[in-house]
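2 protein chains.
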Amino acid sequence: MKGNLFVTLTLVFVLFFASLAVAQDTDPLSSWNQGETRQSIIEFVDRVTEKGSPDFVPCPERIAVFDNDGTLWSEQPMYFQFYFAIDRIKALAPNHPEWKTEEPFASILKGRVKQAMTSGRKAISKILLESASGMSTVKFKQIVQDWITTARHPETGRHFTEMVYQPMLELLSFLRANGFKTYIVSGGGLVFMRQWTDEVYGIPPEQVVGTSLKTRFEMEDGRAVLMRLPEFHFLNNGAGKPKGINLHIGHRPIVAFGNSDGDLEMLEYTDCGNGPRLIAYVRHTDAKREWDYDRDSRIGHLDKGLDRAKEKGWTIVDMKKDWKVIHPYD
Amino acid sequence: MKGNLFVTLTLVFVLFFASLAVAQDTDPLSSWNQGETRQSIIEFVDRVTEKGSPDFVPCPERIAVFDNDGTLWSEQPMYFQFYFAIDRIKALAPNHPEWKTEEPFASILKGRVKQAMTSGRKAISKILLESASGMSTVKFKQIVQDWITTARHPETGRHFTEMVYQPMLELLSFLRANGFKTYIVSGGGLVFMRQWTDEVYGIPPEQVVGTSLKTRFEMEDGRAVLMRLPEFHFLNNGAGKPKGINLHIGHRPIVAFGNSDGDLEMLEYTDCGNGPRLIAYVRHTDAKREWDYDRDSRIGHLDKGLDRAKEKGWTIVDMKKDWKVIHPYD
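Line by line, the protein sequences give chains A and B.
Residue 710 in the working numbering sits at position 57 of the first sequence, with consecutive numbering throughout.
Residue 840 in the working numbering sits at position 187 of the second sequence, with consecutive numbering throughout.
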């Protein structure tokens, strides 16, 4: 009997830990803490994917849109594309002796980045446009590719693509596994993002909606080339986001995640269709593991959107409370 | 022995006809005549899909783009969207008493359509913009839906969506069966086309690239609405086509089909990438079953493109020679 008891106990132990391991392996949202937020996501997906359910949504309409800066990766102390822009301005400076005295370039070249970046929308536009134009799309893709694989965040020392949110990576995969098509709808540069979104998020170029520059078609030595011009074609922020969705996707999404007032119109647009919706704001509440900001922040300003979310009962993802880890390297 | 011979012969006959039936069933391009054109398409697809081949192209890069008017459906005696525009102008006329004397509207209301449509680009733009703006995107979709299911071509009496090219439908399916993603890249209206391209061509809204209008985001009784404005956002024709491909798709296509000089830049842009390419012009050579036109036609004008195609050795699809049937109802 003693022998039998030992065998039985061993078996129970083995089965117990095996079941734990299986549970961990198969939990698609393992970085999300148990609780209301996680539960609301799972329940929503169950509702729209269960055949015969009155809320069933066929696959082609399972469209999920995500802001990028502050929703899929960090955005402090300034939007990551600004670091790219600054590095480009520095690299281009030898060809622009006039920049030594011309603002906002002079400030950047003197290392006064904050001064340059807080000198107004026009100055920021100048920097962004100069950093991303004056070459073919093919050449620009290569420049972004080289930069994203080498550049590092000044505070964490990490590659920028490491500073994505692990729980959001899991959410993207979870939605795709349930027949959703996941899109980025971001104020960031369209071509800038497309160089790495597939590898990092599993989102291919054609599912990225972003801010774009005008281009000029040219035949160069008998070959067709698109030259990038220092002029915006489309600003994909604020009211631009539903417009971008309409232009690129053509379906109204049923899932939308954002983190700032710049996402509010996208969330409203997603919300006002028929049938079930998952509308969410990611809140930056974790000063220790990431950053803590909302109404008073210039970057990722969240004020009007927060009030509206409460009024409408949208999901609030609280980083500190809802996420076991923030970044994959945590 | 005689009995055995009879059985054997019967079996041979049955097997022979059965094999014919199977061959017909499984021929993905059964409306294409045997010959050089058909062969070049099949050989291209074999080359890029055969694993281990030096020309193998992975699925995400198997992008095929198609013009619509004159390439996937007919376009004579005028672009089909013009019929929609004219019907809209007539329907809107009671709200616009000034149109009785204002051109080009006056001509249309008097039934002088040809006069209105040949009175210059500005007049045509006016008609197109008026016919497609002044309402929400949701309302416009409904209007297009109602029109496309009821309107008929003035010469054939067919629904416009019946006047698609059967061999091109087969080509689209054949490419998709071989891992290609098929896109429409057309000068036609983006939202106008999206209402029926999925049903007719198997091409979903997000794979349609077209000409778009500006929109205005509005909150109407607490609901987000995109209002269509009488102003072009993007003209997806000529040099606009490679730009549209760059904005919407982000990959360079490896297959491109067009039928007019308005497709030339798209064909050049597709052609100048690395690796194998299938670049083709559909030629309207069949006055009996469809129409016969090229260098002298206003609609589907093909002149410069034809010379370039010959110079570059692009595929020429000759409707009369290469297609067993033109439309599905033939």
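Worth flagging that the hints you see were computed from the coordinates, not collected in a lab.
Glycine residues also receive a C-beta, built at the ideal position from the N, C-alpha and C atoms.
The reader is advised that the hints may include incorrect statements.
What the hints assert, rightly or not - Derived EDC-like pairs (lysine to aspartate or glutamate); straight-line CA-CA distance at most 20 Å:
#1 Lys-834/B / Glu-714/A
#2 Lys-957/A / Glu-696/B
#3 Lys-965/B / Asp-874/A
#4 Lys-867/B / Glu-884/A
#5 Lys-792/A / Glu-714/B
#6 Lys-792/B / Asp-924/A
#7 Lys-965/A / Glu-696/B
#8 Lys-794/B / Glu-859/B
#9 Lys-834/B / Asp-971/A
#10 Lys-794/A / Glu-714/B
#11 Lys-867/A / Glu-884/B
#12 Lys-834/A / Asp-924/B
#13 Lys-963/B / Asp-874/A
#14 Lys-957/B / Asp-874/A
#15 Lys-957/A / Glu-873/B
#16 Lys-792/A / Asp-924/B
#17 Lys-743/A / Glu-755/A
#18 Lys-963/A / Asp-874/B
#19 Lys-775/A / Glu-884/A
#20 Lys-965/A / Asp-874/B
#21 Lys-965/B / Glu-696/B
Stated by the list, open to error - Across the chosen pairs, the derived CB separations fall in these ranges:
#22 Lys-775/A / Arg-765/B: 44 to 54 Å
#23 Asn-686/A / Leu-888/B: 45 to 55 Å
#24 Gly-832/A / Arg-700/B: 28 to 38 Å
#25 Lys-965/A / Pro-730/B: 33 to 43 Å
#26 Arg-876/B / Lys-963/A: 14 to 24 Å
Hint check results:
| no. | hint | in the structure |
| --- | --- | --- |
| 1 | Lys-834/B / Glu-714/A | holds (18 Å) |
| 2 | Lys-957/A / Glu-696/B | violated (58 Å) |
| 3 | Lys-965/B / Asp-874/A | holds (14 Å) |
| 4 | Lys-867/B / Glu-884/A | holds (18 Å) |
| 5 | Lys-792/A / Glu-714/B | holds (19 Å) |
| 6 | Lys-792/B / Asp-924/A | holds (18 Å) |
| 7 | Lys-965/A / Glu-696/B | violated (57 Å) |
| 8 | Lys-794/B / Glu-859/B | holds (15 Å) |
| 9 | Lys-834/B / Asp-971/A | violated (39 Å) |
| 10 | Lys-794/A / Glu-714/B | holds (16 Å) |
| 11 | Lys-867/A / Glu-884/B | holds (18 Å) |
| 12 | Lys-834/A / Asp-924/B | violated (30 Å) |
| 13 | Lys-963/B / Asp-874/A | holds (18 Å) |
| 14 | Lys-957/B / Asp-874/A | holds (18 Å) |
| 15 | Lys-957/A / Glu-873/B | holds (18 Å) |
| 16 | Lys-792/A / Asp-924/B | holds (18 Å) |
| 17 | Lys-743/A / Glu-755/A | holds (14 Å) |
| 18 | Lys-963/A / Asp-874/B | holds (18 Å) |
| 19 | Lys-775/A / Glu-884/A | holds (12 Å) |
| 20 | Lys-965/A / Asp-874/B | holds (14 Å) |
| 21 | Lys-965/B / Glu-696/B | holds (18 Å) |
| 22 | Lys-775/A / Arg-765/B: 44 to 54 Å | holds (50 Å) |
| 23 | Asn-686/A / Leu-888/B: 45 to 55 Å | holds (50 Å) |
| 24 | Gly-832/A / Arg-700/B: 28 to 38 Å | holds (33 Å) |
| 25 | Lys-965/A / Pro-730/B: 33 to 43 Å | violated (52 Å) |
| 26 | Arg-876/B / Lys-963/A: 14 to 24 Å | holds (19 Å) |
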